[in-house]
Amino acid sequence: DQQVKQNSPSLSVQEGRISILNCDYTNSMFDYFLWYKKYPAEGPTFLISISSIKDKNEDGRFTVFLNKSAKHLSLHIVPSQPGDSAVYFCGRGNAGGTSYGKLTFGQGTILTVHP
Amino acid sequence: NAGVTQTPKFQVLKTGQSMTLQCAQDMNHNSMYWYRQDPGMGLRLIYYSASEGTTDKGEVPNGYNVSRLNKREFSLRLESAAPSQTSVYFCASTILAGAGEQFFGPGTRLTVL
Chain B
1 DQQVKQNSPS
11 LSVQEGRISI
21 LNCDYTNSMF
31 DYFLWYKKYP
41 AEGPTFLISI
51 SSIKDKNEDG
61 RFTVFLNKSA
71 KHLSLHIVPS
81 QPGDSAVYFC
91 GRGNAGGTSY
101 GKLTFGQGTI
111 LTVHP
Chain R
1001 NAGVTQTPKF
1011 QVLKTGQSMT
1021 LQCAQDMNHN
1031 SMYWYRQDPG
1041 MGLRLIYYSA
1051 SEGTTDKGEV
1061 PNGYNVSRLN
1071 KREFSLRLES
1081 AAPSQTSVYF
1091 CASTILAGAG
1101 EQFFGPGTRL
1111 TVL
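Chains as they are written, first to last, in our numbering: chain B, 1 to 115; chain R, 1001 to 1113.
Because the hints were derived from the structure by calculation, they are not lab data. Check before you lean on any hint, since a few could be wrong.
[What the hints assert, rightly or not] Mimicking DSS-like on lysine-lysine, the simulated pairs with C-alpha atoms at most 25 Å apart in a straight line are:
(1) Lys1009/R x Lys38/B
(2) Lys1057/R x Lys5/B
(3) Lys54/B x Lys37/B
(4) Lys1009/R x Lys37/B
Bear in mind the structure is a predicted one, so any value in this text is a computation, not a measurement.
Taking the hints into account, I'd like the entire structure generated from these sequences.
Spelled out as structure tokens, the structure:
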């Protein structure tokens, strides 16, 4: 079972505040995780990734946290900006096993950042 | 460097018609993918090609066929379109399967009447 779930369809935050997007996954050993951002009428673009052997990865305003015991992934955006308003997908990739090379995505969360 | 390109951008078909969605990448990537995006369903993998000469089914392959024409090009064919195939289709590529991020094209919006 390679499920990835984003249980919040939408999130609304004020400009300058923190946005926290969440993702849950089922158990597997040989995975890495990614976050993608998608604007309307465009393809998804890569934001940040994390290996399953790490707990945290930062890139500017974006930080991804991996809680392996809870099988939970989160993306923190600080400070949030109106340009961050988009759909965010978490994805899970397999570095080994029968699903090698495949990405499985969650349903997406629509983030709206209000000025 | 155009990245991943897809044609056409929009298409309307009648039930039973066939068509081919084209995808090309100029990044010398080995692996290429086709996804569909439906509301509330996220991105679902249709087919992928880990390397030139190989193709494999993804999560939702029924009703589709693919051809890895060469290293650059990966096409998706609908032999007999159905309304359930109304969706936005994305092609993606990566340097090596399992290596990390995939680069996506701009998408093809397909409507089947």
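Against the structure, the hints:
About 17 Å separates the Cα atoms of Lys1009/R and Lys38/B, which keeps this hinted pair within 25 Å; it holds. For the suggested pair Lys1057/R and Lys5/B, the alpha carbons sit about 22 Å apart, so the restraint of at most 25 Å is met. About 22 Å separates the Cα atoms of Lys54/B and Lys37/B, which keeps this hinted pair within 25 Å; it holds. The hinted pair formed by Lys1009/R and Lys37/B meets the criterion: a straight-line CA distance of about 20 Å does not exceed 25 Å.
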